Amino acid sequence: MIDLQLMALLLIPLFGGGMLAVFGARPWAAELNSLMSFCTFVASVALTMRVIDAGPQAAFNEQFFIDQFNVYLVALTAFVAFTTSLFSRPYMRIEQHHGKLSVGMLHLYYSMYQLFTFAMLVALTTNNMGIVWVAMEAATLTTVLLVSLYRTPASLEAAWKYFILCGVGIALALFGTILLYFAAERVLGQGGTALLWTHLNEVKGELEPTVLKLAFIFLLVGYGTKIGLVPLHSWLPDAHAEGPTPVSAVLSGLLLNVALCAVVRSKVLVDGSLGSHFAGNLMMGFGLLSLLVAALSLFRQKDIKRMFAYSSIEHMGLITFAFGMGGAVATYAGMLHMTVHSLTKSAIFFAVGHAVQKAGTQQMDNIRGLLQVSPTVGWGLVLGTFAILGMPPFGVFASEFLIVTTAMHEYPWTTPILLISLGIAFAAIFGKVQPMVFGETTAKPLPHPPALVPVFLHLLLVLILGVYMPAYLSDWYRQAAALLG
Amino acid sequence: MLGVVGLWVKDAARFIFPLSAAASLVLAVSSVLALSTAPETLVLPLGLPDLPFHLRLDPLSAFFLILLGAASAGISLFGTGYFRHLEDKTLRLLCLEYHLFLAGMALVMLADDAYLFMVAWEVMALSSYFLVTTDHAIPDIRKAGFLYLLIAHVGAIAILLSFGVMQGGHGIGAYTFDAMRNAELSSFWASAAFLLALFGFGAKAGVLPMHVWLPEAHPAAPSPVSALMSGVMLKTAIYGILRVTFDLLGTQLWWWGVLALGLGLATAIFGVMFAAVQADMKRLLAYSSIENIGLLLTGIGLTLIFHVYGKDTLAALALIATLYHSLNHAMFKSLLFVGTGSILHATGERNMGRLGGLMRKMPWAAWLVLVGVLAISGLPPLNGFVSEWLLLQAFLLSPGLPNDYINMLVPVAAAVVALAAALAAYVMVKFYGVIFLGQPREASLERAHDAGIWERIGMGWLALACVGLGLAPVFVVHQLDRVAQMLLGVQLGNAANNWVFLTPVDIERASYSPLFFLLAVLGVMLLTSLLVRRLYHGRVRRSAPWDCGFPAQTARMQDTAEGFGQPIRRIFEPFFKIEREVPSPFDMHPHYQGRSEDRLWYILYQPLQHLTEKLSAMAGLLQHGRIHLYLTYTFVTLVVLLLFV
Amino acid sequence: MTENTEFIFAILFQLTQLLLVVLAAPLLSGWVNQCQAWLQNRSGAGVLQPYRVLHKLFHKDAVIAYNASPLFRATPYIVFGCMWLAAAIIPIIAVDLPFSRAADVIALVGVFAVARVFISLAAMDIGTAFGSLGARREMLVSFLAEPALLMVLFTASMISHSTQLPTIVDTLAHHQFVIYPSLAFAALAFVIVLLAENARIPVDNPSTHLELTMIHEAMILEYSARHLALIEWASSLKLFAYISLGIALFTPHGIAEVGNWAGLPLAIGLLLLKLMLAGAGLALLETVSAKMRIFRAPEFLGTAFLLAVLGLLIHFLLGV
Amino acid sequence: MASNYASQFVNLLAALLLLVVFAMLAQRRILSMINLFAWQGLLLAVSTFIVAYSTAQHHLYYSAGLTLVLKVLLLPWLLHRLMRKLNVRWDVETLINIPTTMLVGIALVIFAFNLAAPISQLAEGITRGLIGIALASVLLSLLMMLTRRKAVTQVVAFLALENSLFFAATSATHGMPLVVEFGIALDVLVATFIFGIFFFQIRETFDSLDITHMEKLKDD
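Residue numbers (our numbering), protein chains in the order written: chain A, 1 to 485; chain B, 1 to 645; chain C, 1 to 320; chain D, 1 to 220.
Calculated from the structure, these hints are not laboratory results. These numbers come from a predicted model, not from an experiment. Ideal placement from N, C-alpha and C gives every residue a C-beta, glycine not left out. Any given hint could turn out to be false.
To be verified - A partial selection of chain A residues facing chain D, derived with a Cβ cut-off under 10 Å: (1) Leu179; (2) Lys204; (3) Tyr310.
Using the sequences and the hints, build the whole thing.
So, in structure tokens, the structure goes:
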């Protein structure tokens with residue numbers, strides 16, 4: 001039964017990729033894309049229901065394993081992928097109308113989009129650290145093609161950097177995986193089961209500490225590149241700024257989460273084996289560094305998408321910090337922050353996408369008076385910005401509240417950095433967004449009506465999460481937090 | 001009560017403002033009742049898991065709710081008239097924000113757990129930000145809004161941290177105020193919490209040196225909003241400080257009090273000094289708000305000192321003075337701000353140098369504002385005097401503290417308070433005299449019209465409150481005793497035993513009866529006027545004022561706002577950053593301009609800004625495009641990490 | 001003696017004093033002027049001159065500027081009322097005055113402030129250059145003088161642990177005789193404040209109409225006839241109040257206790273003596289000192305403020 | 001007995017592998033770099049084969065074959081074709097001059113060995129100390145990537161990196177589970193194709209494969 005559901009979940013996007021590889025050039029490709037994503041979403045919901053009822057389960061002779069932790073990421077991923085596909089329909093039409101995209105490019109876009117979803121879902125659901133790696137690599141490859149979609153010099157450069165850096169990072173992660181296996185095979189013996197997370201988790205106490213330390217470093221540097229932890233983050237702003245906006249949305253909304261999920265999984269193993277807080281401390285360090293540097297970099301950005309890319313780095317840093325602190329509340333907060341960040345950030349990118357199309361430039365100095373030219377986009381951007389800046393009653397505040405207070409309680413010495421970074425980030429982003437939405441402007445309306453349902457849908461969800469969390473959801477989070485310890 | 005709040009938030013057309021005024025009245029009255037009853041708590045099914053929204057209505061919050069209700073009732077009534085001319089779209093938006101603002105403030109005072117408190121706090125900040133930037137086409141207003149929200153947010157994070165310090169035990173459930181009350185803190189952490197709270201709330205209240213946003217944001221906002229912000233929102237910060245210091249933190253240290261006292265005095269003097277040299281009437285009022293916040297903080301500091309040294313009656317006295325003054329300030333400052341609002345409507349002019357003689361054009365506004373002016377200058381028998389009187393009493397009764405330094409400090413502090421009060425009178429005479437008295441300085445002022453009926457009602461209500469609070473101090477103090485009872489466990493028992501004389505401690509030590517005073521003066525006035533008319537006559541002849549032999553006098557030759565402030569600027573020269581454009585003897589069109597600015601901005605904030613920019617420039621160097629470098633980062637990171645295992 | 005007879009006596013005292021002050025006040029200013037005249041080798045207009053002036057002014061028709069507001073017309077009465085009340089609640093012949101319960105020393109300062117604010121507002125009402133000039137200078141002088149006065153009063157009330165004038169006077173007069181060094185400072189400060197607040201040389205010159213130097217006269221420039229009369233009367237009441245306040249604070253000895261008929265004549269006699277001495281002293285001071293520039297005034301008053309605070313500190317240091 | 005020989009032989013191959021990496025690091029000409037890469041692949045295949053034989057793990061035969069096909073024949077051939085198509089025959093320009101690079105390389109090797117010492121204590125059987133070599137060659141290939149200036153050479157270095165990883169996977173740890181290895185191989189293949197596409201795109205947009213052209217995107 002679970003096998004079937006899982007198969008549905010994984011095969012729909014794969015099949016969709018195939019379909020769109022064939023029909024991607026048709027005028028109704030966009031609708032097909034959305035349809036496929038919707039089916040994926042439905043499947044993910046079904047799977048989630050099941051897991052909530054029946055608890056963690058393995059599938060395909062344990063090659064896949066689904067517990068509360070990854071299933072909520074699965075649901076989140078499927079959902080955001082779906083809304084993004086909705087958004088990309090008019091967005092891509094407008095781009096085409098502006099002559100930035102050809103039909104062939106769209107063709108590539110749609111098929112790659114589905115494959116990308118597939119890769120992410122595999123990376124989330126698989127139980128095999130090796131396959132995690134494979135899926136991550138696959139996700140990288142697909143997104144590289146998406147980032148370079150426009151074929152402009154800038155996009156090529158961005159894609160190339162993205163490709164090389166993440167390729168190297170991923171390769172290092174592979175070495176880490178190998179070391180993990182090296183340690184594991186001596187406990188679990190040769191062959192298939194030695195890379196299965198569940199098994200590793202059972203025997204994590206017996207794994208060889210020195211090897212795991214080494215392994216974790218490689219895994220952290222490897223997947224950390226993908227998360228965008230400073231100083232491995234260099235690819236991230238370029239890729240976000242130069243790729244098509246829907247891709248930026250899924251990149252910072254989803255892919256980063258997936259990579260982080262992998263790191264967290266391995267952190268559980270390593271700290272379990274070392275019996276110390278080694279991995280946690282490393283993560284906290286990287287988190288704080290990313291937070292600080294990202295906040296400072298935000299100050300000087302001129303390109304709007306670049307700026308929000310940095311804000312993604314900042315938030316990933318915060319989440320990494322939270323998971324690094326560990327403990328029930330912090331982990332809980334970390335997962336909550338993952339959720340609300342993906343929702344908010346993708347919403348922001350949707351709004352930004354249309355704003356950029358209106359103004360015809362990504363330079364923030366040339367974007368003015370959004371509230372006047374189209375109030376919906378303007379308000380979407382304003383509210384999204386306030387949400388991402390951690391203004392209540394949006395959900396981002398809830399998680400930041402928990403993270404900051406817990407940090408104050410557990411690791412007081414970190415709080416000055418938190419205070420400074422959050423303050424600077426606020427000043428930077430808010431100070432740049434305010435003149436964009438306010439004031440006067442002369443911009444022409446768009447050829448197609450913008451898709452703002454996703455924006456406000458996301459923001460609404462974030463708002464609700466901020467003031468009210470349904471009991472089953474919180475239980476679900478709590479179990480996940482318990483799983484990760 | 002929250003039902004009422006919820007009703008506010010619902011957006012509707014113009015009749016909503018009187019409605020909300022009524023609602024505020026209901027709120028105020030119900031809180032008056034709640035003042036005497038035991039604390040009621042309420043838990044909503046909202047909020048974080050394990051941390052639903054807790055609400056609690058105890059005397060402290062009840063008192064501040066009274067303040068909110070009473071002030072906002074008048075302001076909303078005024079707003080009914082003031083916002084009449086807006087077109088519908090803007091009005092709807094503004095109405096929504098306005099009531100969100102009110103609801104946020106009410107919730108701040110009702111919140112009983114850190115999360116709800118922060119949510120309400122930031123909702124308050126956010127909605128007020130949108131209100132401030134109502135006409136955001138003007139860049140200066142955007143700048144003001146930015147500064148305001150930035151400082152508010154940083155302050156909010158500080159408050160958050162202080163809650164983090166105070167949280168009781170682990171888990172999400174540890175953020176209720178009850179848990180915090182029970183938490184045992186070492187004196188170090190308690191101090192940390194206090195300092196963080198002081199910083200955070202101080203940033204909201206405009207305490208030195210976090211005051212810079214206040215004189216920018218208040219003038220930028222529409223007048224009823226400035227009234228709300230200055231009259232009520234600043235008090236939420238005072239509420240927060242009181243709540244944290246006396247309710248949540250179990251122990252207090254004497255130096256907290258000294259710190260608060262010092263900060264308060266500095267703020268008071270600073271505020272009034274700058275108020276004296278302002279030419280923009282709303283800026284002037286904003287600075288005077290800073291001054292009053294300083295006085296309130298002084299009162300809190302005094303309370304702390306007395307409380308720590310076990311002189312609880314005096315602590316109660318100081319606390320009651322503080323609360324009383326915050327109530328008074330809410331009333332007269334709102335009155336003055338809405339007054340400027342109707343002036344703006346009538347003349348479209350904020351610069352006092354272009355006003356004058358409005359008393360003839362708009363008598364209603366003039367007389368009502370006069371009440372506020374007299375009250376804020378601390379003149380008997382109005383309310384401003386009562387709270388100052390109580391505060392000074394607290395100072396006078398202070399000797400005998402075990403700490404000599406504080407004993408030395410207290411009289412000096414009293415002197416500073418007295419100085420600030422006297423300067424406030426100066427400022428207010430300037431404010432009123434330049435705007436309402438004399439001759440109109442511009443021809444356009446001839447077309448000025450008086451305040452509308454709604455505006456009159458609103459201002460009338462506030463003025464009435466000023467008079468009432470001034471004439472019936474005994475009753476008020478009796479009510480405030482409950483708050484003192486709750487926070488300090490002591491009452492000013494014999495305050496109420498004599499309905500005509502206000503005797504905080506003992507009839508032999510001090511007493512004051514505004515009612516008697518008023519009657520005496522009025523009686524004497526009546527008597528004299530009667531006698532004069534009886535013994536002599538009441539003939540009056542009108543003629544032109546004496547021009548001392550210089551017939552070519554124009555209205556422009558009157559004393560301007562700058563001129564009136566000039567002595568102050570001259571006496572306190574070093575505190576201002578003064579830029580002057582003095583005409584040379586040969587100018588065909590001589591033109592004088594003087595601006596006095598806040599040195600703190602240049603000493604404190606600009607360096608901060610530059611530092612941040614420098615740092616971010618350094619961060620920018622990381623990202624300079626060469627892929628080899630990026631690879632090197634990866635490589636180095638890897639090697640370094642490997643080295644350190 | 002029973003309760004209510006005592007109370008009746010108290011009321012009696014109070015009424016006596018009310019009448020006494022309002023009638024005697026012009027006499028005092030007349031006395032001061034006369035002394036000045038003598039000191040300057042002039043024959044002088046006689047002690048009763050102020051009464052004649054008032055009488056004359058009351059007879060005249062009031063002339064008011066076209067744009068004068070009701071505030072302008074009400075002010076003289078308010079000022080007069082405040083000053084009368086102030087003078088009436090300072091215990092000079094007997095300690096126990098029912099009225100003085102209504103306003104202790106802080107309130108007393110408040111009363112002065114009310115008068116001052118109203119007269120400044122009235123001065124700005126017409127909108128001539130002089131009015132606002134005078135108002136500005138008046139407020140300038142007062143914002144330094146008022147705290148100084150408060151500090152002086154605080155010193156006294158610190159000593160007697162009360163802000164009630166009767167209690168203060170009672171403590172100082174009828175308990176065993178102690179020398180208070182703090183009061184010495186206070187007295188010095190008080191004199192300066194007195195000079196400043198009553199528009200006296202060296203801060204102001206009541207007898208000049210030279211625009212550049214005048215303060216008080218500049219404010220009341222627009223007043224005439226009965227309004228002017230009331231204001232003049234009020235200012236002589238103010239002078240009276242200040243001097244008697246000084247007497248009450250620094251040389252209260254010999255003041256009658258409640259219902260002590262025997263002590264009353266002596267008290268009155270002493271009071272007259274003190275008043276005359278004080279007036280003469282004031283005249284002497286004014287004669288020997290010269291009017292100072294308006295911007296020296298803040299320094300002058302600042303000195304007073306510091307002296308007063310110093311007195312307070314000394315009280316804390318020495319405990320007396 | 002056999003396993004003993006085998007282990008010695010594998011160790012020898014490992015040493016050769018390291019040598020080849022060094023040779024690539026020192027190499028100035030692209031084509032010969034590609035050939036060296038092919039040689040590396042061959043060594044990899046052989047060592048995998050021997051490990052498979054000595055430890056009798058059948059799936060290792062598959063991966064040995066996979067390696068042979070993919071990394072010895074297919075990829076080098078592809079790369080050669082690319083080179084011919086884009087007719088890039090120029091010499092490799094390095095950012096840091098070769099001797100310095102070599103010195104850094106030596107340091108890295110020592111570092112890697114020290115790092116791996118405790119681990120190789122754990123390893124039993126024929127794979128003693130191979131981790132160290134694998135680690136060393138990983139670091140070396142990384143070094144190669146960040147000293148090379150041309151896109152092609154970077155890619156070759158990247159493939160060399162993958163090779164050394166693969167070596168670690170097969171020889172040091174007796175091979176990962178087959179599914180993983182297939183996945184890895186597939187990814188490598190796809191990656192190479194994408195690289196190929198990129199070369200053409202880069203070439204036609206920047207009419208050169210010098211990646212120093214691609215330094216436009218930066219914070220300023």
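Failing hints, ascending? Checked against the structure, the only hint that fails is number 2, while the rest are satisfied.
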